[in-house]
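Based on the sequences and whatever the hints tell you, model everything.
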Amino acid sequence: MKILVSIKRVADPDNASKLKVSSDGTAVTSEGLEWKMNPFDDWSLEAALRLTENAAEKNARVGEVVLVSIGPNDEHTQRIIREGLAKGAERGILVEADDANLDSNVVSQILKAVVDKENPDLVVMGKQAADGDSNVAGTKLAARLGWPIINYAMKISTNDDGKTLEVKRELDTGVATVKVTGPAVITTSDRILQPESVKNGITPADHQYAKLEVGGRYASLKGIMQAKKKPIDQMSLGDLGIEAKVALKYTKFELPPARSGDTTFVESVEDLVDKLHNTAKVI
Amino acid sequence: MSAQTNPLIDDGLIEFLLYDVLNAESLCELEGYEHHSRETFDLFLDSVRRLARHDLLPTYKPMDEELPEFRDGRIVTHPSLPHLWRKMVEVGVLTGTRPEAVGGQQIPMLVHMMATAYLMAANLSAYGYIGLTLGAAHLIEAFGSDEVKERFMAPMYEGEWTGTMALTEPHAGSSLADITTTAAPTEDGYYLIKGSKIFISGADHDVTENVVNLALARIEGAPSGTKGISLFAVPRLRPENGELVSNDVTVAGLIHKIGWRGLPSLALEFGDVGDCRGWLVGEPHQGLRYMFQMMNEARIMIGVNGAATASAAYHEARTYALERKQGRRLGDRGADQVPIVEHADVRRMLLRQKAIVEGSFALLGTAARYADVANRGPESERERAHLLLDLLTPIAKTFPAERGFEANALAIQVHGGYGYTSEYLPEAYMRDQKLNTLHEGTSGIQSMDLLGRKVVAKGGAPLRALAEEIALAVTEARAAGCDAELCDAVEQATDRVVSITMELGQRGMAGDTDGMLGHSWDYLDMMATLVVAWQWLRMAAAARTRFKDEPTQQARLHGTEAAAQYWIRTEVPRISVLAELCRTAEDSYLKAQPDWF
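Chains as they are written, first to last, in the numbering used here: chain A, 13 to 295; chain B, 30 to 626.
Since the hints were derived computationally from the structure, they do not count as laboratory data. Don't take each hint at face value.
Unchecked claim - Okay, derived cross-link-like pairs now, DSS-like style, lysine-lysine, Cα gap no bigger than 25 angstroms in a straight line: (1) A:Lys234 with B:Lys178; (2) B:Lys354 with A:Lys30; (3) A:Lys32 with B:Lys577; (4) A:Lys223 with A:Lys234; (5) B:Lys178 with A:Lys70; (6) B:Lys354 with A:Lys287; (7) B:Lys90 with B:Lys463; (8) B:Lys90 with A:Lys223; (9) B:Lys286 with A:Lys30.
Rendered as structure tokens:
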């Protein structure tokens with residue numbers, strides 16, 4: 013099975029409180045923040061790695077994961093690709109583009125062009141990016157490809173190397189189970205990190221992955237050294253025959269209002285209920 | 030502050046130390062490190078710090094509260110440990126520095142140290158299993174036969190088994206020459222071991238199925254004293270016909286410790302029923318020599334334990350001081366309460382902790398860098414790096430442990446009355462920290478080692494090398510535009526330390542041992558104060574060069590300069606007092622008789 017996984021570099025979401033809005037309000041500035049792999053993409057990479065390995069044989073690879081990242085061709089973008097390779101992916105592709113010229117419209121165009129080149133059996137993506145939170149690139153890509161889209165996957169199973177898949181989707185109202193014939197685009201939710209979330213028909217069905225606390229597996233030192241020898245192909249939009257035309261324009265950003273931090277002490281439960289109901293008006 | 034949000038160690042500090050102060054990238058030019066680059070260092074650091082914050086730290090308090098149990102002759106350890114062990118092994122910290130031939134990736138010691146410091150800060154006892162296993166396996170790697178390596182080292186490096194250091198006996202702790210455990214040769218290649226050991230950390234647990242004790246024992250008929258001690262691999266279970274069978278190693282008791290509570294410390298009996306087998310590591314009678322060759326590494330690791338534990342507590346105190354509102358600015362009656370960091374004395378306590386914690390990391394990183402150069406540097410630089418590493422080792426072990434304990438106490442102090450409760454973490458960090466002044470040679474022993482052995486070695490060459498290094502740092506600090514008064518103070522203190530050392534050395538040569546060593550503790554204190562001042566001057570110079578024109582790094586620049594100023598202004602003046610105690614051999618306790626106490 014060959015899986016394409018898109019990964020985006022985002023300003024360190026653990027330090028989102030340090031983000032600032034430019035003085036004219038039209039851009040978010042992340043000066044002084046480190047670039048990290050979008051955590052949602054880290055989850056989808058974990059799912060893709062589980063689909064293409066035998067976990068019972070020291071995670072022996074039985075398929076191929078190709079990473080694609082779109083962004084400036086600098087050490088930050090390269091580093092997150094290298095991090096994905098160190099976790100186990102086979103190859104990387106870096107499509108050079110300016111952040112200012114990217115929106116879900118352009119991104120889905122680029123990804124379609126990469127899919128046309130690579131012919132993967134599946135595209136597995138984060139459901140959204142931690143910076144823009146737009147949540148549309150996966151769906152747009154599927155529409156351009158004419159492939160099925162399965163959003164918010166929390167469990168993925170296949171017994172025929174990805175030709176057909178059963179996917180459980182996490183919804184507000186419960187869990188929906190869908191059967192799909194590949195190729196397809198899947199976006200994942202954080203529950204894909206659960207110990208039994210991925211069954212690929214090769215890793216023994218009773219295998220329990222270790223519990224992951226917040227993200228996908230850690231890159232091991234051995235994986236990091238192996239990743240140095242793995243290729244990262246670099247290409248431009250021109251190489252893919254794409255003219256970047258953003259369809260979406262951000263007109264204004266503002267920071268959430270600062271919390272007042274006022275503390276009110278209450279004497280009794282009745283008093284608390286009264287304050288919540290009449291003063292704060294939250295119940 | 031919730032445990033999960035403690036950064037443990039400031040990432041920016043580590044980046045600054047590695048790349049701006051200690052030039053870690055240049056290590057990639059050394060033989061055997063060519064395959065590394067800053068990118069591999071950063072990716073490794075990133076993995077390890079995430080493992081520390083997300084997996085190890087949340088288990089710290091539960092492990093401190095739920096103690097190991099002694100049940101039916103076995104030790105039951107905290108249930109989270111097997112998972113943590115597996116993850117630490119997988120990420121590569123166990124074999125990171127070892128050569129590829131034994132499954133490692135040969136990463137510089139400096140980088141490995143800075144990465145593993147996060148694990149220590151997150152959960153000292155969980156990392157303890159790694160430290161012990163690495164120490165035990167490395168001893169076999171260095172001195173064992175191929176057969177012993179295959180049988181015992183390989184399963185340890187693969188993370189299948191753990192290791193211990195089984196040196197101490199009830200009557201022989203610091204005085205290893207007096208151990209009495211015996212080893213009787215057999216015709217089958219192994220020895221029959223008999224004796225009692227105590228304070229053996231991690232000798233039984235349910236983290237892995239087996240444990241290999243690296244034990245010191247006397248072969249029957251061996252000479253007495255240190256020259257008759259041999260090193261053996263004594264597994265809890267021994268491999269026999271493809272399975273593991275009991276090796277007559279019994280747990281005699283579980284010691285109740287005040288810290289490091291996830292790592293059981295045990296009393297062990299070897300050979301209760303006469304069937305405890307040990308395999309000789311290396312040559313007979315060389316055990317103590319082998320141990321001491323590994324001692325630098327072990328002692329420096331204790332120093333990192335100390336710096337890491339002080340760092341975790343410092344970050345608790347820092348966050349608390351920024352958030353806790355109490356009192357008003359002086360003369361500001363009726364105004365809103367302010368965070369306690371606004372009070373001068375709280376800032377004093379934070380800056381002191383910062384100076385100790387960051388000064389310790391810089392000193393330890395410097396020692397690790399010398400270790401890298403001593404092992405893999407150009408032939409012409411190795412000997413000098415070795416001299417400096419040997420000289421700095423007792424200081425790099427003791428300063429973070431002793432002053433770290435002081436920093437840990439200050440972290441409690443910043444928390445006020447809350448700090449004296451087990452609801453907050455600083456009290457636990459302080460209990461953990463205390464062990465670091467005791468194990469791998471107490472602070473007193475380190476001070477004798479420093480003054481009695483290290484500074485006087487090779488006709489004083491190590492001290493001359495150190496003085497040259499400090500002079501170079503002073504020159505660079507002046508060039509970078511650091512405060513001339515601070516540069517002068519470090520320069521003068523260095524001269525004072527060199528001259529008193531020469532005087533004490535001459536006393537030693539004249540046979541006046543008490544006159545030389547009576548104030549070894551003050552000497553160590555003096556030397557540690559100086560080398561940490563040296564580190565702060567280097568950091569201040571590097572910060573000016575690197576951050577002067579970077580708007581986002583002004584806080585780091587000013588914080589570094591303030592800590593350097595603090596250390597040099599408030600601590601360096603003590604050097605002349607301590608030197609005077611050494612010079613006059615001040616005799617209040619030297620003359621004291623046992624019945625005076």
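Now for the hints, and whether the structure bears them out:
{"no.": "1", "hint": "A:Lys234 with B:Lys178", "in the structure": "holds, 22 angstroms"}
{"no.": "2", "hint": "B:Lys354 with A:Lys30", "in the structure": "holds, 22 angstroms"}
{"no.": "3", "hint": "A:Lys32 with B:Lys577", "in the structure": "holds, 23 angstroms"}
{"no.": "4", "hint": "A:Lys223 with A:Lys234", "in the structure": "holds, 21 angstroms"}
{"no.": "5", "hint": "B:Lys178 with A:Lys70", "in the structure": "holds, 23 angstroms"}
{"no.": "6", "hint": "B:Lys354 with A:Lys287", "in the structure": "holds, 24 angstroms"}
{"no.": "7", "hint": "B:Lys90 with B:Lys463", "in the structure": "holds, 17 angstroms"}
{"no.": "8", "hint": "B:Lys90 with A:Lys223", "in the structure": "holds, 19 angstroms"}
{"no.": "9", "hint": "B:Lys286 with A:Lys30", "in the structure": "violated, 42 angstroms"}
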